[in-house]
Structure formats: structure tokens, C-alpha cells
Amino acid sequence: MKTFLTICLILGLSWACTAQTVFSFEFNGYAGTPPPISASTGSATLTQNGLSNFAEDACTGKGFSVNSWNAGDYLQIQSSTLGFIGPFNFSYDYRMSDIDLGNFEIQVSSDGANFSKIGDLNATAPTAGCNSSGPMILGTNYNNLPNIYFRFYKKNDAVTALNRLRLDNIMLKASAVPVEITSFQTQVSDNQKVNIRWETASEINSNYFILEHSRDAVNYKMIANIEAAGLSQTKKLYNFIDENALFGTNYYRLKQIDKDGTQQVFRPQSVIIEDVNVPFGIFPNPSSADKFYVKVEDSDETRLLLTDFEENEIKIKSDKLTQTILEIKPLENLKMGMYLLQVQTLGSMKRHKLLVLKEFTER
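Read in order, the letters of the sequence shown correspond to residues -19 to -1, 1 to 344 in mature numbering (1 follows the signal peptide of the UniProt record, and there is no 0).
Certain hints may be false.
[What the hints assert, rightly or not] Pairwise CB distance ranges (calculated):
id, residue 1, residue 2, range
1, K216, M330, 53 to 59 Å
2, N34, E208, 48 to 54 Å
3, K236, N103, 17 to 23 Å
4, S251, L63, 47 to 53 Å
5, S24, K272, 52 to 58 Å
6, T121, I207, 24 to 30 Å
7, L126, G242, 21 to 27 Å
8, N172, L63, 26 to 32 Å
9, Q214, K136, 35 to 41 Å
Note that these hints are calculated values from the structure, not bench results.
By construction, the Cβ of each residue, glycine as well, lies at the ideal position given by its N, Cα and C atoms.
Turn these sequences into a full structure, and let the hints guide you.
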């Protein structure tokens, strides 16, 4: 048996997964009993037609093996692609005995009656060890089907009764994720509210979206939980209006959660809100001692100096929120009282009085 690692990467607004297993037969715990056999991963059942001799000696540890093949005999796997989007990859490992086993077709069907060939297994020569076959590619016409059938079908040619075909790691993988997001945008309205919009091209098994907000693009808090379409092959538009956005830079992150709990996280979007009603200078004023703000003509060209009234310098940390707004955090404990902030920008210098009404002693 093999162990597979699924790795998912965020690519732009959407993310791609190298593999999503629809079903996998690894034959763990198989003891040589005839079918039906349930899948190791996913929901699928392996059955047979016309066969009778089964064993557990496959090519990689325990697995499935069978002899006494006749023309028209087959092994069949029945599963479902509900909740998955293609293209799909069907693959398996095999090993055969030292006697000619003849030729097989690998077939697929969506109704269990009409089968199409997707590959060949030419078991005409002995093999050693375990051989990988595939992947055989299935298109998006197999998306979200309640039933899908695969057959290892014995063609009409001669075979020796005691020769044995060994199979292991039979699996179907989907190469796409259940939700495809084509756009995720933020826009500030005239009344300083933020309109967040996103669009999906298709959805399968989608449960809901979580919208999160942050001021620093690190620490996020949920601001909305929005129900998803669940199943859709057409464009769906979603939107949310944040009426509590703050001036400066606001970051928004979108999460999508499937009905099985799997979640996708999409690249954050940012928007800047400029408070045009704030005059140049310190605000709020009076202020608390932990932080305050200053509006300047150009934050990139500004130098700041904070002192007490005895002209002792107080170290500060300055963060740019917008082109004209700076957030100021004193790095020393401020006591209640009056302070002076010297602002030098674009060739001019101004002094602003800051009144602190509440001490801040925790750093």
C-alpha cells in the first residue's frame, strides 16, 4: 500500500490542489475473501462478474488478486463524484504471473450499462514487483455524478486458468477543488463604508463563507458568516457591506468551508479609508496614553518628535495608515499631562499640544 500526501497551494484568488482522492482501494485488512470490498478511502465498492478464485497476495503487501479469468469477466468499482470537479485521474498498480494472462480493457460508465474504453492492460508477459498504470484522464463531464463505474474487463482471447492478476492502490483523484472563485474585491463608498464582493464560477459541496477583518494583515476577526450556494455550475455573486470599517488600511480575508469541514483561505484584499473630516494635527485630543493619531500633508515626508514640557524626548513608534494619517504609539510610559508633538513635513514645522488624560503602563 502507498501513502499519498495532498498539498494545496493558494494561487491568486483561487487555489489548486495536486490531488483530491475520490476513492482509493488499498486493501487494508483484506483476507482473501471474494468481493464486494469497500474502499479504503472514499465511498466505493468493488464487485465481480464471472470470477471465483481470490487471494490476498498482491504486488505491494496485502491487496487483491484473482485467477480463472474468462472472456467477458470483469472486476467493477462503483462510486460517486458528488462534491468533486474534474478532470479526474484513474490509476492502479498491478502484477501478473509467469503465464500469459491475455488482454484487458479499462472501462468507465456513468449509468452502469454503457461503458467506454479509457485504457488497456496488456497482461501478456510476466512482471516482477509492482507496476504503475495510468493516470487515465476523465473529463469534466464526469463532474458531480451520483454514480460512476470502472471495469477491468477481460477481452476475448485465450488465458490459462491458473494465471493470476494482482491489483493494488486502485484510485480515482480529482484535480480541482469544489469552489472556484474568480474575483474578490473591496471598494469604499461615498459614506466611508466598505463594499466587499466576490464571485464564484462553480460550487460543489460548498457550505458557507467566512469574511474576516484585520488592521495589520496578521490578526483577523470574523465579521460575517454567509451561506454558500452549495451546488452551482453558473456564476454566483456575493457581497457584504462593512459599516464599521476604520480609517486607514483595512484588510479583508475570505474563507470558504465545505460541508465536510474542509476550508479554503483566499488571498486578503485591502482598502484605505481616508478621513477627510479630520483637520491637520493630533486626534483624538485629549487622548489616552497608549496611542494617538496625527494628520499631516504627506506621511512619507514627515519627521516627528514627542517631548514633555521640560523638552525631554519620548521615544515613539510611527505607523503609516494612509498617505496623510500616522498612528503614534509611545514606547515609554506616559503620565497624565501635557506633551508637545513636533511635526516637520514639506519644509515646514509645526508644534501640536497633546493632552493625555489616562495613563498607560503596560507594554
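Problem set entry | Numbers of the earlier hints that this structure fails to satisfy, in rising order | Those not satisfied are hints 3, 4 and 8.
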